[in-house]
Amino acid sequence: MEQFAAVKRSKDGQPLRYLIVDDSVFARKNLTRMIETFGGQVAGEAGDGMTAISEYDRTHPDIVLMDITMPQMEGIEAAEKIVQAHPEARVVMVSSVGYQENIVAALQRGARHFVQKPVKPEVLYEVIKYVMGEDGVVASAAGAGV
Amino acid sequence: MKMELIQPFINAADAVLSQGLSGTTRVANLAMDEEGYRCQGVAAMVALTGDIEGRIILDLEPQTALRVASHYAGVSLPESDALIKETIFELANQVVGNAVCFLNDQGFHFRVHPPQLLGSADGDKSSEDVEALMLCFETSLGSVFMNVALRSGKQRMAEHATTAGK
Numbered sequence: 001m002e003q004f005a006a007v008k009r010s011k012d013g014q015p016l017r018y019l020i021v022d023d024s025v026f027a028r029k030n031l032t033r034m035i036e037t038f039g040g041q042v043a044g045e046a047g048d049g050m051t052a053i054s055e056y057d058r059t060h061p062d063i064v065l066m067d068i069t070m071p072q073m074e075g076i077e078a079a080e081k082i083v084q085a086h087p088e089a090r091v092v093m094v095s096s097v098g099y100q101e102n103i104v105a106a107l108q109r110g111a112r113h114f115v116q117k118p119v120k121p122e123v124l125y126e127v128i129k130y131v132m133g134e135d136g137v138v139a140s141a142a143g144a145g146v
Numbered sequence: 147m148k149m150e151l152i153q154p155f156i157n158a159a160d161a162v163l164s165q166g167l168s169g170t171t172r173v174a175n176l177a178m179d180e181e182g183y184r185c186q187g188v189a190a191m192v193a194l195t196g197d198i199e200g201r202i203i204l205d206l207e208p209q210t211a212l213r214v215a216s217h218y219a220g221v222s223l224p225e226s227d228a229l230i231k232e233t234i235f236e237l238a239n240q241v242v243g244n245a246v247c248f249l250n251d252q253g254f255h256f257r258v259h260p261p262q263l264l265g266s267a268d269g270d271k272s273s274e275d276v277e278a279l280m281l282c283f284e285t286s287l288g289s290v291f292m293n294v295a296l297r298s299g300k301q302r303m304a305e306h307a308t309t310a311g312k
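Those protein sequences? They're chains A and B, same order as listed. Numbering follows this note's numbering, in which position 146 of the first sequence is assigned residue number 146; successive positions increment by one, without gaps. Numbering follows this note's numbering, in which position 17 of the second sequence is assigned residue number 163; successive positions increment by one, without gaps.
Honestly, the hints are just simulated from the structure, not real lab data. Because the structure is a prediction, the values reported are computed rather than measured.
Pulled from the structure, derived: some chain A residues nowhere near chain B, Cβ distances all over 10 Å: (1) G44; (2) R112; (3) Y130; (4) E134.
Per the computed footprint, the stretches of chain A lying under chain B, defined by three or more beta-carbons under 8 Å from a beta-carbon of chain B, are: (5) 24 to 31; (6) 114 to 121.
Heads up, the beta-carbon is just placed ideally off N, CA and C, and yes, glycines get one too.
The shape of chain A in the complex, shown without the other chains (with noise of 0.2 Å):
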């Protein structure tokens, strides 16, 4: 897989650590090694939109990847309560069901962004450093990976 410039905190110039969620395993490995090649690291997993909203209150990530259709309660509620919860939070919408309505119902709830499988690496980077704006950074080449 390709190898991007590493995106890291402007802040601090730490990796963006990242929390994925998602029902299927497969697609969380898959999305955890496109974010490695960001220089991203994982700071938790979650099958479903209840664990999510645990997982954020304990890792605080930079960026959540957040699927759509998952059992106990769905991705777009999911990112609704934790953008209630903090306001901060900048969570990317990971789904295959990509047509208007949910795209729109996913924005007027608190996602920043929406991205459709099957995810293309070179869109999920460009919109992983959309969302971060000035709080992120692109690592130059001699910097990358540091």
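Add chain B to chain A, keeping to what the hints say.
Chain B only, in chain A's frame:
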């Protein structure tokens, strides 16, 4: 069976497999199937109800599913029934999800049901009255079979009305 309903699923499968497996994908075989479905390996069936009704089956040999999962993970994974099931379900969700997005934008509204596992001994009884399109995609990691049986909900209602009137 209308091709305009099926083509989005073929396009979605082609896109998901070629992007996900980082290689070229080609349709090696295409046939109509009027018999109940018989699994080639381990299969996931996703049912649709609403403006479009029917089901999509994605079917992989267990070893192909394992190679796909290992490809995504970037490491060689040990074989397990759970991993194989996860892999097939995720591929099915991605294919159906992508096709559903396209059809939804065309004005079709329907419900996508969660995937169900079909074992090698299972047939698909629900398709006995439905003509299906069977495709085999050849990928760098092995063959992926897809069986699509769909019709518009309005067409089904009209057929019921005709039958009831006889």
